[in-house]
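Asker: Start from chain A and add chains B and C according to the hints.
Residue numbers (numbering that gives the first Met the number 0), protein chains in the order written: chain A, 0 to 315; chain B, 0 to 315; chain C, 0 to 315.
Quick caveat, the hints were computed from the structure, so don't treat them as lab data. Please read these numbers as outputs of a predicted model, since none were measured by experiment. A portion of the hints provided could be inaccurate.
Each pair of labels, with its calculated beta carbon distance range [as the list claims (entries may be wrong)]:
1) B:313 to C:13: 51 to 57 Å
2) A:44 to B:220: 49 to 55 Å
3) A:70 to B:249: 37 to 43 Å
4) B:250 to C:207: 52 to 58 Å
5) A:70 to B:117: 34 to 40 Å
6) A:177 to B:176: 36 to 42 Å
7) C:70 to B:25: 35 to 41 Å
8) A:44 to C:249: 32 to 38 Å
9) B:83 to A:228: 28 to 34 Å
10) A:80 to C:70: 31 to 37 Å
11) A:177 to B:80: 17 to 23 Å
Glycine residues also receive a C-beta, built at the ideal position from the N, C-alpha and C atoms.
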Amino acid sequence: MKKFTTVDDINDLDELILTAKKIKSDPFGSPELGKNKVLGLLFFNPSLRTRLSTQKASLNLGMDCIVMNLNTEGWSLEFEDRTVMDGNKAEHIKEAAQVISQYCDIVGVRSFPTLTDKEKDEAEQVINSFVKYSSIPVISLEGATEHPLQAVADALTIQEYKTKRKPKVVLTWAPHPKALPHAVPNSFAKIMKLSKYDLVIAHPKGYELNPEITKGTTITDNQDEAFKNADFIYAKNWSSYNDYGKILSNDTNWTITKEKMALTNNAKFMHCLPVRRNMIVSDEVLDSEDSIVIPQANNRTFAVQAILTKILENGK
Amino acid sequence: MKKFTTVDDINDLDELILTAKKIKSDPFGSPELGKNKVLGLLFFNPSLRTRLSTQKASLNLGMDCIVMNLNTEGWSLEFEDRTVMDGNKAEHIKEAAQVISQYCDIVGVRSFPTLTDKEKDEAEQVINSFVKYSSIPVISLEGATEHPLQAVADALTIQEYKTKRKPKVVLTWAPHPKALPHAVPNSFAKIMKLSKYDLVIAHPKGYELNPEITKGTTITDNQDEAFKNADFIYAKNWSSYNDYGKILSNDTNWTITKEKMALTNNAKFMHCLPVRRNMIVSDEVLDSEDSIVIPQANNRTFAVQAILTKILENGK
Amino acid sequence: MKKFTTVDDINDLDELILTAKKIKSDPFGSPELGKNKVLGLLFFNPSLRTRLSTQKASLNLGMDCIVMNLNTEGWSLEFEDRTVMDGNKAEHIKEAAQVISQYCDIVGVRSFPTLTDKEKDEAEQVINSFVKYSSIPVISLEGATEHPLQAVADALTIQEYKTKRKPKVVLTWAPHPKALPHAVPNSFAKIMKLSKYDLVIAHPKGYELNPEITKGTTITDNQDEAFKNADFIYAKNWSSYNDYGKILSNDTNWTITKEKMALTNNAKFMHCLPVRRNMIVSDEVLDSEDSIVIPQANNRTFAVQAILTKILENGK
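With the rest of the complex left out, here is chain A (with noise of 0.2 Å):
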């Protein structure tokens, strides 16, 4: 593996999986691997979990983990190409990504999109242009458009959970005071199809995801439809894609509630967290015995450990 910064970047999913359940089984038995390799994480955004489970990954393999929060500790960045560079970015991604290119061996950018600019974002502008200047792999620790390991994350804890060769997977829309990137829904479906599993995707008119990412899936705006016989619900907010970063609706009928969950198959409650109780999902849900939010978010360390063991590896 030379890169990952999106789905598109596993060539098989299942030994993919299969590797971060062995690890998962036996975090600390590869302590060489990282042996004198320097991970470097380049935060744009906050991060929690995805800071933590990095840098708990990279330590399980005796990797050292060097991790920087560019907005704040560094210099301002210019991305565009042939500009005078006369006003307050101090310095050239070129030159930034070529330089932490000679430090590290490994680099993850966290960089969120504008929900402004959508050719900007769909571009992936920051993290595309560290994959093209840097001489080392790039992984995404989340980026306009996708949060892959995330994605890698809940493609294991539905392996585990699930009690059929094909469940019944839904990833539904709910309601947030903010407008939120596509980022996870769009890993997350493109995860989804690469699994083969029975994906319905579930959210008010208008808020269409990519249409290129959703192509085949079931798409409905009846939520209660929806959540019939399913036998996973993911919920997540997003806002507009077609009328770019907007949020149309708020509607807390799209709430994750327990009389929703009545409807399916005994399901379980997915969120990639961090979740906003009562706006997503109820309290009465989160705090179920079917909610595997937790056991989720434990996933992290194992799929960026396997993404990290695979880029490792490649490098021998």
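Answerer: What follows is chains B and C alone, placed relative to chain A:
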């Protein structure tokens, strides 16, 4: 030891101090104890000594340490139950604590008081929420009402410098331009009681500490009287407890000067640091050979290393 | 080596460069040298290369590295003596430096100049206060008037690329939208003198550097003339030293272009980074094969690793 968030969590102070002294004489003596263990340090407030000494102690034990500044690097946390999270708080402590518990083996939390909401501060809402929802041991890196790691370092320091079995120890209020918490004097008063030393607390009228903590202790508003025959002077500012969080006086007659120290039995001068020169204490006293604030700060490493050792040994 | 805060601290440059070259050929060759040692890195200002390369170098040596952003994570420091600390500064450097010396084995400090208070900047108040009060070796991660780690990397880079014993090296001012410090040009001028290379400094009138540093060096305001027969062009902006901290000109005739480089003896282009494209240097030059800014940045790791090695060997 399952948690360490208050001096009350100490079962056997003599034994703990003995452990700290042993560690001080051989800080790298247990390099395997922390192997493959992660200490997470979560800061809601600034820190110098606690931050560095705790990292140092964990490294001494072969333990990896991950530091996070929650306010700037993570998500804003909600601590209230049953709220509709439609405001600025992105994540509930319930999830955050459970998730962090999966990536770390011990978690330390620093959270200063509001000094405006006495009830919330007394409840130690932040640290106690971590204790409630975490599945790993929680240590306080200074809470709203206690700073127990400081207290252990203080007790170790007095143990090292005392020349009689039961020294006279004076905890004296001193002036400061800002409203300060009660955490340090509270924990110090508690650990002096445990140590069975002759503790006297001196402060101007109106600066009474929580009477539940000071009951049984000699209290006076005559600083000069208190200093007579004192073996240790522990200076510290705090705001009013009764008129909660208020500054009632900045009476510089309470500043610790050479003249004041002359009243004592060649007392050692102590302070938890950071200290305001020529407010709390004159340059002359702080720079004198009777000042032991620097070795006192050094003992922070061995105090926290002793606590981590107790927790790690417990987990084996 | 007891401290490294100026190029003047170098006893034997040839031997230091040799050490750096040896380290570069075998960066993991001394994994025990830093064992159980802690390097503390204290930043008052942003940093990318220094931050990452120094962490990398310490890890290469088996040394633990603790990073602190003093302004946001610690307490505001007072550097003046005999002040009544009743303002916003919570801790005096006297205590801070002594305390940090107990938790770390070496401390690095970055503190940029004010560019308004020449006397204070020239006194290197921050770094020299750490030197004065610390009981451990202090290294500069860039001070008000010098950036000696950069200079060692620069000297190593020229040593690697030069094709004659005594190359002609031109340090040239170039335009920049903001007022910049003199630290890099000062340290570069000093180390070029030590290297006994043929140094020429070119800048517009009014941009004279500190004459104590440049005395004996050829200085010109004719950039084209300076570039003739040059083997290395080191571009850098700085603000006025005489009209302290002021921008006197942003004359883009001083930008390093292909045409300017054509005047040289196929010179290599150097810059300490971050660099403003199309202000300091044109894209064409920076992206050409004559630009060695990326390997120059790579040498930061080996420069600081050589310094840490000298200090650690000294301490044995």
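Asker: Within 28 to 34 Å or not, the Cβ separation of residue 83 of chain B and residue 228 of chain A?
Answerer: Holds, at about 30 Å.
Asker: Indicate whether the distance between the beta carbons of residue 250 of chain B and residue 207 of chain C respects the range 52 to 58 Å.
Answerer: Cβ of residue 250 of chain B to Cβ of residue 207 of chain C: about 54 Å, so the range 52 to 58 Å holds.
Asker: Does the Cβ-Cβ separation between residue 44 of chain A and residue 220 of chain B fall within 49 to 55 Å?
Answerer: holds, 52 Å
Asker: Regarding residue 70 of chain A and residue 249 of chain B, is the given constraint of 37 to 43 Å on their beta-carbon distance met?
Answerer: holds, 39 Å
Asker: Can you tell me whether the CB distance of residue 177 of chain A to residue 176 of chain B sits inside 36 to 42 Å?
Answerer: holds, 39 Å
Asker: May I ask you to test the hint 34 to 40 Å on the CB atoms belonging to residue 70 of chain A and residue 117 of chain B?
Answerer: holds, 36 Å
Asker: For residue 313 of chain B and residue 13 of chain C, compare the CB-CB distance with the range 51 to 57 Å and indicate the outcome.
Answerer: holds, 56 Å
Asker: Should the hint that residue 44 of chain A and residue 249 of chain C are 32 to 38 Å apart at their CB atoms be regarded as holding?
Answerer: Given a distance of about 34 Å, which is inside 32 to 38 Å, the answer is holds.
Asker: Between residue 177 of chain A and residue 80 of chain B, is the Cβ distance one that fits in 17 to 23 Å?
Answerer: Given range 17 to 23 Å: holds, Cβ gap about 22 Å.
Asker: Could you say whether the range 35 to 41 Å given as a hint is met by the Cβ separation of residue 70 of chain C and residue 25 of chain B?
Answerer: Given range 35 to 41 Å: holds, Cβ gap about 36 Å.
Asker: Just to be sure I understand the hint, the distance between the Cβ atoms of residue 80 of chain A and residue 70 of chain C should be within 31 to 37 Å; is that true here?
Answerer: holds, 33 Å
Comparing the model with each numbered hint stated earlier shows that all of them hold.
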